[in-house]
Structures are given as C-alpha cells and as structure tokens.
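Those protein sequences? They're chains L and S, same order as listed.
Heads up, the first sequence stops at 92 in this note's numbering, and the numbers go up one at a time, no gaps.
Heads up, the second sequence stops at 511 in this note's numbering, and the numbers go up one at a time, no gaps.
Everything labelled a hint here was simulated from the structure, so no lab data went into it.
Please note: incorrect hints may appear among the correct ones.
Said to hold, decoys possible - Okay, derived cross-link-like pairs now, EDC-like style, lysine to aspartate or glutamate, Cα gap no bigger than 16 Å in a straight line:
1) L/K9 x S/E268
2) S/K83 x S/D366
3) L/K72 x S/E117
4) L/K72 x S/D489
5) L/K79 x S/D489
As the list claims (entries may be wrong) - Okay, the calculated beta carbon distance ranges per label pair:
6) L/S17 x S/R136: 27 to 35 Å
7) L/F83 x S/P390: 39 to 47 Å
8) S/G256 x L/D67: 40 to 48 Å
9) L/E86 x S/K499: 22 to 30 Å
Stated by the list, open to error - Sample of chain S residues with no beta-carbon within 10 Å of chain L, all distances over it, derived:
10) E74
11) M293
12) P363
Note that CB positions come from ideal geometry on N, CA and C, so glycine has one too.
Single-letter residue listing:
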Amino acid sequence: MRVLKWIVDRCHSRTDAQETALGWVPGPDSLQLNGLSNFTPERLEQVQAINEEEWRREILMQDELFMKLHARLPKELIFQRELLLARL
Amino acid sequence: MTKELIGKANTSNKAVLTWVEEMVKLCKPDRVYWCDGSKAERKALTAEAVEKGILIKLNQKKLPGCYYHRSNPNDVARVEQATFICTESQEEAGPTNNWMAPKEMYQKLRGYAAGSMRGRTMYVIPYLMGPPGSPLAKVGVELTDSLYVVLSMGIMTRMGAVAFEHLGNEDGYNRGLHCMLDVNPERRYIAHFPRDNAIISVGSNYGGNVLLGKKCLALRIGSYMGRQEGWFAEHMLILGVESPTGEKTYVAAAFPSACGKTNFAMMRPPTQLKGWTIWTIGDDIAWMRPGPDGRLFAINPEAGYFGVVPGTNSKSNPAAVEMISRDTIYTNVALTPDLDVWWEGKDGPPPKECLDWKGNKWTPDSEEKAAHPNSRFTAPMTNNPLLAPEVNDADGVPIRAIIFGGRRSDTMPLIYQAFNWVHGVYIGATMGSEMTAAAVGGTGQVRRDPMAMLPFCGYHMGDYFRHWINMHKTIKHPPRIFHVN
C-alpha cells in the first residue's frame, strides 16, 4: 500500500525520487515506513538493491524471448536494452 | 422444423437469427433456449442445474445463494497447448501462439460440433462486455450446451436482453460456439478466428476455456481488435486510490495469472495510512482507449470475478471473504459434511473430514490438497464492498499509472519507475515471474510474460510491442509506468 501511495504521489508530481540504473526509485524518506515493525530503512535498502551480476543474467534471460520474436521485434526495445546495460 | 426448435428468440437481429439457425442445423440440439438474463430465469436454471447434479446447493444459512461445482479432473485449468489463434497466416499469429489455418480448423471443429448437441439443450447467451451505452463496450453471443457456462456467464458478464439492446440491428457481435462434447482432453480445442470475430471451443467445461467473454473475447480477440482500432485490451486490474482529501487516482496493473491481482485490486490499506481507500474497478481485464482530452480511459468489460480461492482469508483479502459468502459459485474446492466449503488457507482450522475436489474423503492427514490449487469462485462484482461506483461509467476512468510486476525471489527491487513511455514498454516487455498453477505446467522457474499477455495475445507479440510503442502518438498525457516485485 505504501508503494501504491508513492506511485500516486509520483503521478501528481508530489514526491521526489532517486535516479538509478533501472529507473526512478523512492528515496529513504519517501516511503512512509512508520508502523512497520520489521521493515527498517536497512531492509528497504536491501529490497531495493540492484545487483549488477543478477542484472546481467537477467538481460541474458530476456534475450530468449527477444530472439523468438526477432522477425518483428521493434528496434526500440533493443535500444532500451543497450541503454540499460550502459547504465548498469 | 428449425423454426420450432429455435423457440422464443428475444431479438429480431437478422444476423444473429441467421447464425443461430446455422449453428442449430450443425449441432442438432433437442431444444434451443434464449437467455434473457432475468432473476426468474436464473432461479429456474439454477434449480435445473441442481436437479441435474451440475451444481450442489450449499448450506444456505452459511452461504446464501451459493452453489458448488466439480469439474472433470482432466479439465481444471486453461490449456495453452489446445488454444489456437487462427489468423490468415502463421506469421500473423507469431511464435508465441499455436496456429492452424482457419479453413482447416473450421473443418475440424465443425466436424466435432456436428450433431454434438443431440439430446441436449442449446443455450443462446447474449452478453455485453462493458457498461451499457459505453462506446468501448462490445457484444458477444455464446451458444453452449453447458448450464454451468450459462450460470457463470450470468455472473461474469452483463447477460441477457441488455446485450441485444446495445447491439440493435448491427452485425458486429462476437460469435462464440461452445460444445462440451464428452470433456475429453484429446478432443479439446479453443480456437479464435480474429478476422471473423469468432471463437469455437470444444471439449472443455472449465472457466477460461469456455466462458468465451473472458480470455477469448476480452483479451485474444480484443487485443487483435485493439491494434486495428487503436486501443488496448490488457490483462490488467484497475483500481481507484482515494486519498484522505477525496482525490481519486486510477491505476492499472498487470501481473501474470495467480500472482495476487485480485488481492491487490481489493486491498485494504493498513491503519497507519488512515483515510486512504482502495476501490476496485476490475481484477483481471482492462480495455483502454485515448479520450478526447488526450488521457487514457479504461473500463472493466466484465461484471464479476473469477478468482483463485486457495489462500483467500481475512488477512489476504477481507473484502473477498465477505464477497464470496453469498451468490457465489465455487468450483473445485472442498465440500464439508454440512455443505460448507473449505480450502487451504481459509480462516479457521481445517475440517475433521470433508470431500476433496475430486469427491474423495479427505482428512488433515491426507497428503493431497483438499481444494485444487486453481479452484475458483465466480462472484458478481455487485457484492464487492469495495466496488467503485465508476464501474458503470460509460466513458471509463482516466489511468494515471500502469504497473507491471511479478513474483521474483531475487534481482527485482521492490519498486522503480520508468524514465519514459518507451522505457516503460521495455519494462513491460521483459516482465517475468516464477511460475504458478493457473495453466497446466510446473512451478518455480522464471517465465517471461510480457505485459502478462503471453497466453492472451491475439497476434504476433513483436507487433504487439510495436502497437504499445505506437500508441504513444495518440495519448497526449500517457500514464507513468512502474515495476513492482
């Protein structure tokens, strides 16, 4: 729900975000963590972590579908993948 | 001879009458019944279903208006191997769809359908997908020999006279033929003919295979139409988030089947977020079209929920627990001695003994599950305490955000937002999730499911991505795109 609230606030340009390789993410204060007994800022950092190794593997796995659709895959999606690799 | 058989048709639409007559000649039912969608009709058909053993009447004190159905154990989920998209060319259907040439498929299925309804009644189900009077709404007519389908369609769609009213004298309705045959998996086909706006389903009596308005029309044929006509037919829930100030924001979210869409769509905010409310518009399908003001407007074309039962409890979905306590059809859950239902994950202790989904005796010591993992509730949306009043708005609601997600045990962070629309399309196109029980298969590996549409895209997936990218041109104020885990 707190994630949904952040999404809604982002839609209305009411909250800011940090830029990462994957996209915009909530800053440490943007998700109201009050009242969550076992969800600390450290835990948030953990679940938001971007592991470069895992992502390289992820992109390789994505390629399987892209290759299947090769004949009609829009080149924009290849460009997006390259941009992502450039950011990681 | 045919004229007598046709019985009392509740429409004068020539296209409908001609087609129904053709199908009657093919299937040779003993009797044809035209559904009008009235309460009296539902009462009578339900009583007939109970009498025929298709439905078991549940404990009406605990579960008023509720009934129980067991499907054939060989028929408990959608079957992707038996689902076909019959476009003119195989190229058009793409490598992610099963294809057969339309001529060949028509011949094959007409062969199965021929005379298949001898000794049976053919029900004519006119149904409307979407609010009456909405420019986004579509009409379908399903012919079936299954009472279970009739009663389920009565919940899942706006069924009856209202559909024929919306259709008027037009010919643009979806033609759906469903023949149960002998429910044999070897003669089970669910074929779509996008060019003809037609569907034929034989040999099944389960959910998504036979409630033709749902996956077949709303998504497979729908997505094909969407590309032709410039709109989206998506496997998405729609919800409205209301802030303490009364401001409403509508979001659409795509998760692969059985990933928690229904629970998400009916979420109750925690007490720390006082004053926030989640309203459900839809839990499975969204039809979205650019509006005159350049925003993207969405409707839920369905009228009910066909949700997964196991795991539903007051912690995961209190609104659903309340909703399914009346007027609901339960399929493949467990049946207790006092005609109550039970499933793994239900509130409270398991029954000392009950009948499992196959009808065999079950006790907590049994190794097998009492309820099938894909067992379902079919419930009218009017019983959802969190139903958004906008659900009947002809113009739909403006979508501010699109959320893609799936279950991942690693790699994916909790939440991130796309930098722009095309980046968002890439995020949707590369969605993946650890597999679930919704279709015949295994569990645990990451399966790619772009926009959660892999089993439901009515044409080449590459062209589908192109459609998403192109739509940016017609939506002046596109929704923001997010990804959650």
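Hints and how they fare:
1. The hinted pair formed by L/K9 and S/E268 meets the criterion: a straight-line CA distance of about 10 Å does not exceed 16 Å.
2. A hinted pair counts as satisfied when its Cα atoms are at most 16 Å apart, and S/K83 with S/D366 qualifies at roughly 10 Å.
3. A C-alpha spacing of about 12 Å is found between L/K72 and S/E117, which places the hinted pair at or below 16 Å, so the restraint holds.
4. This hinted pair checks out: L/K72 and S/D489 have alpha carbons roughly 13 Å apart, not beyond 16 Å.
5. The straight-line distance between the Cα atoms of L/K79 and S/D489 is roughly 12 Å, inside the 16 Å bound, and the hint therefore holds.
6. A C-beta distance of roughly 57 Å is found between L/S17 and S/R136, which places it outside the suggested range of 27 to 35 Å.
7. Range check, L/F83 to S/P390: Cβ separation about 56 Å, and the 39 to 47 Å hint is violated.
8. Between S/G256 and L/D67 the CB atoms are about 31 Å apart, so this pair departs from the stated range of 40 to 48 Å.
9. For the hinted restraint 22 to 30 Å between L/E86 and S/K499, the CB-CB distance of approximately 23 Å keeps it satisfied.
10. With 10 Å as the threshold on Cβ separation, the claim that S/E74 sits away from chain L holds: the shortest Cβ distance comes to roughly 44 Å.
11. The non-interface label for S/M293 is inconsistent with chain L: the shortest C-beta to C-beta separation is roughly 6 Å, within 10 Å.
12. Distance to chain L confirms S/P363 as a non-interface residue, since its nearest Cβ pair spans about 39 Å, more than 10 Å.
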